[in-house]
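Chemist: Once you've looked at the hints, dock chain B against the given chain A.
Below are the chains, spelled out letter by letter.
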Amino acid sequence: MAVNNIWVFAQVSNGAPTTGTLELLTKARSLGGTVSAFMAGDGAAAAAALGSYGAAKVYATGDLGGKLPGVAVASAMKAVIDGGDSPDVILFPQNYEGRDVVSRLSVKLDRTVLTNNVEIAVSGDSVSVTTPIFGGNTLVTTTFTGSGPHLAVFRPKSFAAEASGGGEAAVVAAPVPDLGATGGATMTASHVEESTGPKLDEADIVVSGGRGLGDAGNYGLVETLAKQLKGAAGASRAIVDAGWVPYSMQVGQTGKVVKPNVYIAVGISGATQHMVGMKGSKHIIAINKDKEAPIFGIADLGIVGDALKVMPKIIEALQGK
Amino acid sequence: MNVIVCVKQIPDPALPGALDPATNTLKRDGKLILDESDSYGVEMALQLVDAAGGGEVSLVSMAPNGEVSGMRTALAMGAAKGVLVSDPALQGSDALTTAKVLAAAVQRLGGADLVIAATESSDGYTGTVPEQMAELLGLPSVTFAKKVAVEGSSVKVQRQTEAGYDEVTCSLPALLSVTAGVVEPRYPSFKGIMAAKSKPIEEVKAADLGISPVGWAGAGQQITSVAQAEARAAGEVIEDDGEGFTKIVAFLENLKVI
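If you read the sequences in order, they're chains A and B. The numbering of the first sequence is this note's numbering, which starts it at 1 and goes up by one. The numbering of the second sequence is this note's numbering, which starts it at 1 and goes up by one.
For reference, chain A alone in the conformation it holds in the complex (with noise of 0.2 angstroms):
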């Protein structure tokens, strides 16, 4: 068995394929053989865009009617690789549906799942993903023992995605089948809660907050400056359970994984929690009351003092910027 055959789970928002499932979709050409996509509701909008990255075939449940994604996908998949089209290797996105999907679909093939992955591999018949640990110090690279369908999981921004150029992708129906009792969850209503300006894993400049700001009220400096600097506002895990900020502001290894050109960390510590969402910053300055803090040791600039004292002066000296 070489790889021959690789789909990859696709999202759709609004129409357009999302960012990492451009990337996944360009590592996945880059291991030879057939790309398909797989995504949930309706195919055709989508199907010019996952051609040009590489897609050749894109198949599309349709509405899932409220159905939560995760058993929704994984049944249709399911049925068609049961219906003979199976791949040697799926790819999906490390986020809450890919982990749905893959998580239920290990179950119905009975094969294992490897997550948190930055790499992929493919040498003759064995396929092997990298995974970063204790805060991106140590890489571990596991290889898949087994036949197929090998299921792997990427971080976001783990590949650059790049266009093919490839024509539309050909849109085959793939309905989810009866899903019995564990189709009992249905959505019945969505709400955003993300603030205004640029996205934070998007935003060139990202300025994130924590413990160190000592209370939820000073929060607002951290989101001054991101505005001053047109940036993004974030946090970290602590301030989001402390219920300071929405979760969709946390950056880390359960949150976003942001690569801005300038990451400016206020009263963060960092947690191997917090790095592993942050590191791969193209700079990255520190300010933090203690001078031991792990955070000191990936900065390009650290000052080790009081984020409530270094942050007003910032904010007004960049008043008449």
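Just so you know, not all the hints are guaranteed correct.
Unchecked claim - The calculated lysine to any residue pairs, modelled on SDA-like cross-linking and capped at a C-alpha distance of 20 angstroms, are:
#1 Lys156(B) <-> Ser190(A)
#2 Lys259(A) <-> Asn137(A)
#3 Lys259(A) <-> Lys205(B)
#4 Lys282(A) <-> Asn254(B)
#5 Lys205(B) <-> Gly66(B)
#6 Lys259(A) <-> Glu230(B)
#7 Lys282(A) <-> Phe251(B)
#8 Lys282(A) <-> Arg232(B)
#9 Lys247(B) <-> Gln319(A)
#10 Lys157(A) <-> Glu230(B)
#11 Lys282(A) <-> Lys247(B)
#12 Lys289(A) <-> Asp215(A)
#13 Lys291(A) <-> Ala233(B)
#14 Lys289(A) <-> Gly305(A)
#15 Lys157(A) <-> Thr130(A)
#16 Lys313(A) <-> Asn254(B)
#17 Lys197(B) <-> Glu67(B)
#18 Lys309(A) <-> Glu243(B)
#19 Lys31(B) <-> Gly124(B)
#20 Lys227(A) <-> Ala250(B)
#21 Lys227(A) <-> Lys146(B)
#22 Lys146(B) <-> Asp241(A)
#23 Lys146(B) <-> Glu162(B)
#24 Lys57(A) <-> Gly41(A)
#25 Lys289(A) <-> Lys247(B)
#26 Lys289(A) <-> Ile238(B)
#27 Lys157(A) <-> Ser30(A)
#28 Lys199(A) <-> Gly164(B)
Think of the hints as simulated: they come from the structure by calculation, not from any bench.
Modeler: Just chain B now, with coordinates in the frame of chain A:
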């Protein structure tokens, strides 16, 4: 209303992690504590049972040894009993095997109206086990639940999304994975700690649950290399003397972002 909570006993996350050089798995031989992520699920389960006016909270856990201190913490919070699948053969198990073991432990307890797990553990964080368990148990599931209320034979959930949250209604029985920070986990009282010492924890082996192969033999994966990542060098670190902000402003000017 009976709720089963999956809990994991992990090495203290405040201590630096290390790999066992012989097996390349995470060293888990020191003292294990209750994963803080799981304390939220335990608290939520206790609150749901309270609100329902009856029933109990049970625990399932898996460990390569007979460690129970983390489970005792959850029992001290108010859970009634637990099943620990403790078996050296489980070392090296992948997430799917873990899910099979925990799902079987849930069945050994006779199932429940709700099964609750954290979204991911703090030490291994594959984040797939809850949804894999739901599939194995044939249950509907809602992952990343941040607010949960039981209404009759269904559960209403606010499900965290990347942009905000969704409202989801799910029939019972069901499985939920809950985010950290949804509720404030209670501190065990002295009375709770004393009572926990005599609460039952049934210890079983993987074979008792009819699951094999487990551990290395059951894992569809093999670690083939471990390497150090290229380290990011530290830059200039200065003590703030009241003028530290000028360094930051100059740094930003130099990059031409202001």
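Chemist: Hint by hint, say whether it matches the structure.
Modeler: Okay, the hints, checked on the actual structure:
Proposed proximity of lysine 156(B) and serine 190(A) is supported: the alpha carbons are some 13 angstroms apart, at most 20 angstroms. Pair hint lysine 259(A) plus asparagine 137(A) holds up; C-alpha atoms about 17 angstroms apart against a cutoff of 20 angstroms. Of the pairs offered as hints, the one joining lysine 259(A) and lysine 205(B) is violated, with about 45 angstroms between alpha carbons and a cut-off of 20 angstroms exceeded. Annotation: proposed proximity of lysine 282(A) to asparagine 254(B) holds, straight-line Cα distance about 14 angstroms (limit 20 angstroms).
At most 20 angstroms may separate the alpha-carbon atoms for a hinted pair to count; lysine 205(B) and glycine 66(B) meet this at roughly 10 angstroms. A distance of roughly 17 angstroms separates the Cα atoms of lysine 259(A) and glutamate 230(B); the hinted pair therefore holds under the 20 angstroms criterion. A distance of roughly 13 angstroms separates the Cα atoms of lysine 282(A) and phenylalanine 251(B); the hinted pair therefore holds under the 20 angstroms criterion. Using a Cα cut-off of 20 angstroms, the hinted pair lysine 282(A) and arginine 232(B) holds, with the two alpha carbons roughly 11 angstroms apart.
A distance of roughly 16 angstroms separates the Cα atoms of lysine 247(B) and glutamine 319(A); the hinted pair therefore holds under the 20 angstroms criterion. Between lysine 157(A) and glutamate 230(B) the CA atoms are separated by roughly 18 angstroms; this keeps the pair inside 20 angstroms, and the hint holds. Only pairs whose Cα atoms come within 20 angstroms are accepted, and lysine 282(A) paired with lysine 247(B) is accepted, the gap being roughly 18 angstroms. For the hint linking lysine 289(A) to aspartate 215(A), the alpha-carbon distance of about 15 angstroms falls within 20 angstroms, and the restraint holds.
Taken as a hint, the lysine 291(A) and alanine 233(B) pair is honoured in the structure, with Cα atoms around 16 angstroms apart against an allowance of 20 angstroms. Distance hint between lysine 289(A) and glycine 305(A) is fulfilled; the C-alpha atoms sit about 5 angstroms from each other, no more than 20 angstroms. For the suggested pair lysine 157(A) and threonine 130(A), the alpha carbons sit about 14 angstroms apart, so the restraint of at most 20 angstroms is met. As the CA atoms of lysine 313(A) and asparagine 254(B) are separated by approximately 18 angstroms, the hinted pair is consistent with the 20 angstroms bound.
At roughly 14 angstroms between alpha-carbon atoms, lysine 197(B) and glutamate 67(B) fall within 20 angstroms of each other, so this suggested pair holds. Proximity of lysine 309(A) to glutamate 243(B) is assessed by CA-CA distance (about 10 angstroms); at most 20 angstroms being required, the pair is judged to hold. Among the hinted pairs, lysine 31(B) with glycine 124(B) is consistent with the structure: their alpha-carbon atoms are about 17 angstroms apart, no more than 20 angstroms. For a cut-off of 20 angstroms, the pair hint linking lysine 227(A) to alanine 250(B) stands: about 18 angstroms separates their Cα positions.
For the suggested pair lysine 227(A) and lysine 146(B), the alpha carbons sit about 29 angstroms apart, so the restraint of at most 20 angstroms is broken. Note on lysine 146(B) and aspartate 241(A): the hinted pairing holds, with a Cα-Cα distance of about 11 angstroms set against a maximum of 20 angstroms. Using a Cα cut-off of 20 angstroms, the hinted pair lysine 146(B) and glutamate 162(B) holds, with the two alpha carbons roughly 13 angstroms apart. Between lysine 57(A) and glycine 41(A) the CA atoms are separated by roughly 15 angstroms; this keeps the pair inside 20 angstroms, and the hint holds.
Between lysine 289(A) and lysine 247(B) the CA atoms are separated by roughly 16 angstroms; this keeps the pair inside 20 angstroms, and the hint holds. With a C-alpha separation of about 11 angstroms, the suggested pairing of lysine 289(A) with isoleucine 238(B) holds against the 20 angstroms cut-off. In summary, the hint linking lysine 157(A) to serine 30(A) is supported, as the alpha carbons are separated by about 16 angstroms, within the 20 angstroms threshold. A C-alpha spacing of about 13 angstroms is found between lysine 199(A) and glycine 164(B), which places the hinted pair at or below 20 angstroms, so the restraint holds.
Figure legend: structure checked against the earlier numbered hints; hints not met, in rising order: 3, 21.
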